[in-house]
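Enquirer: As a plain string of letters, each chain reads:
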Amino acid sequence: MTRPTSSMFSRELAGEALRQSFVKLDPKYLIRNPVMFTTSIVAVLVTVLFLRTLVTGQGDPVFEAQLVLWLWLTVLFGNFAEALAEGRGKAQAASLRSTKAELEGKRLKGERTETVAASSLRAGDIVLVETGDLIPADGEVIGGVASVNEAAITGESAPVIREAGGDRSAVTAGTRVISDWIKVKVTAEPGEGFLDRMIALVEGASRAKTPNEIALTVLLTGLTLIFLVAVGTLPAFAAYVGGSIAVPVLVALFVALIPTTISALLSAIGIAGMDRLIRFNVLAKSGRAVEAAGDIDTLLLDKTGTITLGDRQATEFMPLSGIREADLVGAARLASLADETPEGRSIVALAGAGETMPGSAAPVAFTAQTRVSGIDIGDRSIRKGAVDAVLRLHDFDPGSVRELKSLTDKISRAGGTPLAVADGNRLLGAVYLKDIVKAGIKERFAELRRMGIRTVMITGDNPLTAAAIAAESGVDDFLAEATPEDKLELIRKEQTGGKLVAMCGDGTNDAPALAQSDVGVAMNTGTQAAREAGNMVDLDNNPTKLIEVVGIGKQLLMTRGALTTFSISNDVAKYFAILPAIFVALYPGLGALNVMNLASPESAILSAIIFNALIIPLLVPLAIRGVSYRPQSAARLLVRNLGIYGVGGLVVPFVGIKLIDMAVSGLGLA
Amino acid sequence: MEHIVVVTLIIGGTALLSLPLGTYMAWAMDPGSTSPRGTRFTALFERVAGPGAATGQSWQRYLATLLMFNVVMFSVSFAILALQQHLPLNPDGKGALDPTLIFNTAASFTTNTNLQHYSGEVSMSYLSQLAALMWLQFVSAATGIAALAALARGIAGRETIGSFVVDVQRASFLVLLPLCLLVAPVMVLLGMPMTLQGAVQATTLEGAAQTISRGPVTAFLTIKQLGTNGGGFFGPNSTHPLENPSFWTNALAMIAIILVPMACVWMFGRIIGRMRHATVVFAVMTLFLLVKIGAAVTFEAAPTAALTGLPVAESSNLEGKELRLGATTGPLWAVLTTSTSNGSVGAMHDSLNPLTGLVPMAGMWLNATFGGVGVGMINMFLYIIVAVFVAGMMVGRTPEYLGHRIEAKEMRLAVLALFVHAFLILGGTALFAATPWGQSAVQDAGAHGFSEILYEFSSASANNGSGFEGLGDGSWAFNIATGIVMLVGRFLPIILPIAIVGSLMAKRRAAESSGTLGVEDATFGSMLAITVVIFGALTFLPAAALGPIAEHVSLP
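Just so you know, the protein sequences line up as chains A and B, in that order.
Residues in the first sequence are numbered from 1 upward in steps of one, following the UniProt record's numbering.
Residues in the second sequence are numbered from 1 upward in steps of one, following the UniProt record's numbering.
Hints in this document: simulated from the structure, not taken from any laboratory.
The beta-carbon is built from N, C-alpha and C at its ideal position, and this holds for glycine as well.
You may find that some hints are simply not true.
[What the hints assert, rightly or not] Calculated lysine to aspartate or glutamate pairs in the DMTMM-like style (CA-CA distance at most 20 Å, straight line): (1) 405/A / 481/A; (2) 90/A / 16/A; (3) 90/A / 192/A; (4) 209/A / 407/B; (5) 499/A / 319/B; (6) 285/A / 532/A; (7) 499/A / 486/A; (8) 507/B / 316/A; (9) 405/A / 494/A; (10) 185/A / 133/A; (11) 499/A / 512/B; (12) 209/A / 133/A; (13) 410/A / 325/A; (14) 493/A / 512/B; (15) 185/A / 104/A.
[To be verified] Quick look at which bits of chain A chain B covers, simulated, 3 or more residues with Cβ under 8 Å: (16) 558-566; (17) 585-592; (18) 624-637.
Construct the entire structure; sequences and hints are all you get.
Expert: Printed below as a string of structure tokens:
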């Protein structure tokens with residue numbers, strides 16, 4: 001996906017958002033947000049009263065006209081915030097959709113192919129995709145090998161290999177085959193593919209309210225009802241002293257008190273949270289998953305690529321006693337000449353210059369069964385590989401086996417991986433392959449620990465090696481010699497203890513664990529099964545991102561909480577602006593409550609309403625960007641956010657309303 | 001200086017006493033399986049409760065039993081009050097009562113409110129006082145304590161929330177009765193009457209004939225104070241010389257007002273196994289209490305407005321005080337009785353300076369600092385849920401309370417409970433302020449009269465029972481309206497929190513870590529205090545402005 005470079009308030013986005021602000025005035029749409037719906041009803045009511053004032057000539061048309069204007073602006077600003085948040089995704093969706101529109105597939109019918117529109121392809125159909133073609137539908141490669149450019153989805157232009165079987169068989173609609181051909185069995189029905197889901201996601205069309213959003217809406221609606229009672233009873237109270245309160249003034253108080261600020265920004269916050277993930281090249285399948293990410297207690301991290309650099313490096317040759325180091329170095333080098341893995345190349349590099357591969361040599365490749373590789377030169381067979389696998393090759397001299405074992409244990413304990421080297425039936429020694437722990441990872445884990453998140457390293461290494469790397473990287477716990485079943489078991493165990501678990505995975509055998517975990521991030525290079533099982537897909541295939549995903553989830557909730565606090569604490573100042581304005585006619589002494597010394601009752605009411613409306617667009621950048629977030633313990637986060645948004649929410653409106661009042665009265669508006 | 005000493009001794013001393021009492025109450029209400037004596041009591045109570053009591057009830061069954069029990073209590077008391085003229089223990093021959101007054105009084109005592117639209121010594125037979133009213137003072141208080149124990153068990157993550165019939169026996173026989181038996185003899189020794197004989201005929205020094213009412217005052221007073229009931233044996237309540245004979249009965253009575261509500265917080269902490277959390281809650285409640293006492297004592301230091309311009313020495317407001325008990329006792333008692341949902345009075349609230357009068361009202365609006373026995377802590381639980389929800393988001397997690405996730409369902413119930421309290425007070429006040437029902441009942445015009453109506457409905461909804469007085473509240477309209485308000489204001493705030501806990505119990509409990517919101521530190525305490533102010537008090541600011549504040553600013 002191309003990352004949008006336009007700024008938050010680019011002209012086109014703002015223009016479209018402006019148009020959408022009016023489109024969203026549709027009551028069918030507004031009703032999804034009870035507080036804003038209530039505000040719009042109030043706006044309609046005041047508009048009608050204003051028109052009546054115009055007709056009858058009783059009342060203050062200038063004041064009421066301004067009230068009407070600002071009440072409608074309050075609603076429109078809310079719509080605008082949401083439209084702006086959606087707008088950025090919409091632009092992406094449009095380009096994805098145009099890709100989708102031109103998709104065609106060559107469906108195989110017996111020996112012949114027929115060209116059909118992608119939309120008529122059903123799950124189970126088989127299509128042929130050749131050089132230059134766009135893959136028409138999500139599917140599984142069942143024949144051929146091709147390099148595929150997936151830039152349309154991932155933004156990464158380096159082509160990837162897709163072939164039948166294994167973990168690299170999944171292909172995505174909209175990506176392009178740039179060489180060779182593949183036969184693809186379609187796995188997604190029309191409209192349910194990855195591309196469709198992405199379009200829906202970035203557009204926000206499939207955005208259902210998340211559980212926390214629903215709960216917050218309940219709280220805000222409840223507050224609205226409570227304030228309805230508080231304001232709705234005032235006419236009766238006024239009647240008791242023989243006074244009355246004008247309806248426009250009364251509803252102004254009501255709108256000022258109900259939590260319009262957070263309600264107006266609520267959906268923008270949610271959309272922006274999803275959008276932050278998308279910009280981060282992670283696709284969440286639901287907003288629920290983003291929230292769950294903030295709740296994670298345990299992170300399962302694969303060692304390779306996340307905690308350590310992907311490749312292990314040979315750092316030392318360790319010959320057995322009685323073996324010359326040069327013999328070990330030479331043999332290890334020969335055995336690695338044909339080995340194109342990073343480990344093999346690092347052995348050759350460490351060994352330095354030496355003999356070239358003899359013409360008669362026959363390389364022996366690594367297989368999952370033998371777990372050794374090497375070279376046969378005539379009848380000399382040199383092998384290197386995992387210690388137990390090499391030992392299984394021959395009945396070696398028991399003395400040297402013992403020595404080798406103590407040598408390799410030492411390497412394991414130090415966090416390295418030992419490779420045994422044998423020349424025929426003679427054990428030569430071991431190569432010390434070292435895992436390089438990523439720079440800065442220890443600090444990241446310390447941060448996570450402060451946030452109360454436990455990290456567990458998952459590795460296929462033996463427990464000794466795993467323990468050493470765990471200690472070096474500062475991870476809290478590790479699962480060594482992990483099988484997919486072990487992973488699943490671990491997740492279940494953590495969950496029984498009430499913890500939420502996140503993990504990432506790519507292989508088909510990861511699918512059960514991905515499905516079991518609360519946040520499962522599937523690598524985009526992964527299998528279709530893994531991508532289906534996870535609730536997020538990482539387009540960059542970078543497992544370290546799991547840590548950032550947690551941060552994005554937390555930031556989303558914090559933004560929501562901070563703006564709720566801000567919105568509610570604003571009420572204190574609004575009371576002090578409007579109450580004296582309303583009551584001073586009943587009891588002149590209540591003018592003493594006018595602590596802000598606002599110019600006139602009309603100006604006070606207008607200023608509160610203008611503040612209430614203007615604070616929405618002013619907070620839009622914060623809602624979309626999210627509150628600043630650094631990993632900290634919950635206690636410190638609360639102190640910080642309560643300080644900024646709670647105390648700020650108390651103080652800011654006093655200042656803001658006073659300033660607006662000076663402007664309003666200065667301009668003679670009231 | 002005298003103020004500070006009295007307040008420190010009474011509040012500090014009671015706080016100290018409440019700690020061991022809370023521990024005892026946790027044992028009494030929730031003995032667990034380790035205590036052999038507790039097990040014996042439990043076995044006895046379970047036998048009374050009938051089969052199935054040992055396994056506990058679902059929260060729905062618990063609530064159903066609680067309501068059934070209260071319906072029966074209401075009906076029996078209604079019958080006794082309605083038939084008192086035909087029943088024994090009526091040495092002074094008290095007559096029939098008005099039907100709406102019977103409804104109001106039965107509702108009032110069933111709901112632990114003890115709003116009294118009558119004067120006991122004028123209207124009630126001894127049987128009515130003892131069998132209907134005093135009995136209800138016991139069981140209504142026991143109902144509150146039982147509900148809190150059930151709530152705490154649910155939060156603690158027990159299998160069930162317990163059995164109501166067992167709980168109500170525990171609260172009556174192990175908590176309230178022993179406490180009363182401890183306090184009552186002291187009161188008798190200090191000169192309070194306890195007799196079933198009728199009124200005394202006396203001849204005054206001037207030679208006039210006087211009828212002095214008396215009766216089983218001590219028994220009545222003791223549970224009235226300890227169970228946050230507040231219904232006086234005599235009309236003037238604890239300002240009557242036989243209901244509050246001396247400085248020492250006065251001090252002991254004030255301690256008795258606040259003791260059990262304070263202990264309830266510790267009991268809650270013990271049952272959920274989180275004493276540090278209970279300490280934070282206790283501290284927040286104490287903070288509110290002290291602020292209110294400070295405000296009341298300060299406002300009351302100004303002379304009454306009635307003396308303005310008169311050639312008299314300036315003093316603090318002495319109108320409506322029982323000066324034989326000391327000048328501090330008036331405002332202090334007023335705060336204590338309204339901070340808890342007690343409602344007994346030690347001074348005339350109608351005579352308090354306007355802003356002082358606001359303080360008791362604020363206590364009833366919050367109704368959770370310390371609140372009624374059991375229910376005060378339950379009310380605070382609602383504020384805790386809201387505070388946890390907002391604070392939980394601010395730390396970046398789905399809000400949790402002690403590992404229980406707070407979601408839409410819990411929020412709906414909590415907000416409904418807070419809404420009901422505001423609706424009953426403001427709605428009731430609005431209805432009566434705008435109609436002759438209220439307008440013709442007030443003694444004073446203007447803001448003070450409005451305060452009288454506002455106070456009446458605040459008192460009814462908070463199940464407090466004190467009166468501002470000066471209000472002709474004995475009309476059928478007030479009897480019926482406040483009767484309904486008391487019933488709704490009592491049972492919904494018990495039903496809804498227990499439903500919340502029922503919903504929490506059905507969910508998987510989350511583990512706690514340094515990433516989850518802590519509810520055991522000062523930060524959370526501040527959050528809770530802010531929530532109480534914003535959700536509890538802000539709603540009532542317009543009403544306060546038109547009542548006590550308007551009266552204050554209109555003073556000459």
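Enquirer: Decide, hint by hint, whether the structure agrees.
Expert: Evaluation of the provided hints:
1. 405/A / 481/A: holds (18 Å)
2. 90/A / 16/A: Status holds; Cα separation ~10 Å.
3. 90/A / 192/A: OK: residue 90/A and residue 192/A at ~19 Å, within 20 Å.
4. 209/A / 407/B: Within the cut-off at roughly 13 Å; holds.
5. 499/A / 319/B: Violated - the C-alpha atoms of residue 319/B and residue 499/A are around 62 Å apart, more than 20 Å.
6. 285/A / 532/A: holds (10 Å)
7. 499/A / 486/A: holds (17 Å)
8. 507/B / 316/A: With a Cα-Cα distance of about 55 Å, the restraint between residue 507/B and residue 316/A is violated, given a limit of 20 Å.
9. 405/A / 494/A: At roughly 35 Å apart (the allowed maximum being 20 Å), residue 494/A and residue 405/A break the hint.
10. 185/A / 133/A: holds (16 Å)
11. 499/A / 512/B: Holds: residue 499/A and residue 512/B sit about 8 Å apart, inside 20 Å.
12. 209/A / 133/A: violated (38 Å)
13. 410/A / 325/A: Roughly 18 Å separates the two Cα atoms, so the pair holds.
14. 493/A / 512/B: holds (16 Å)
15. 185/A / 104/A: holds (15 Å)
16. 558-566: It holds, with 6 qualifying residues against the three required.
17. 585-592: holds (count 5)
18. 624-637: holds (count 5)
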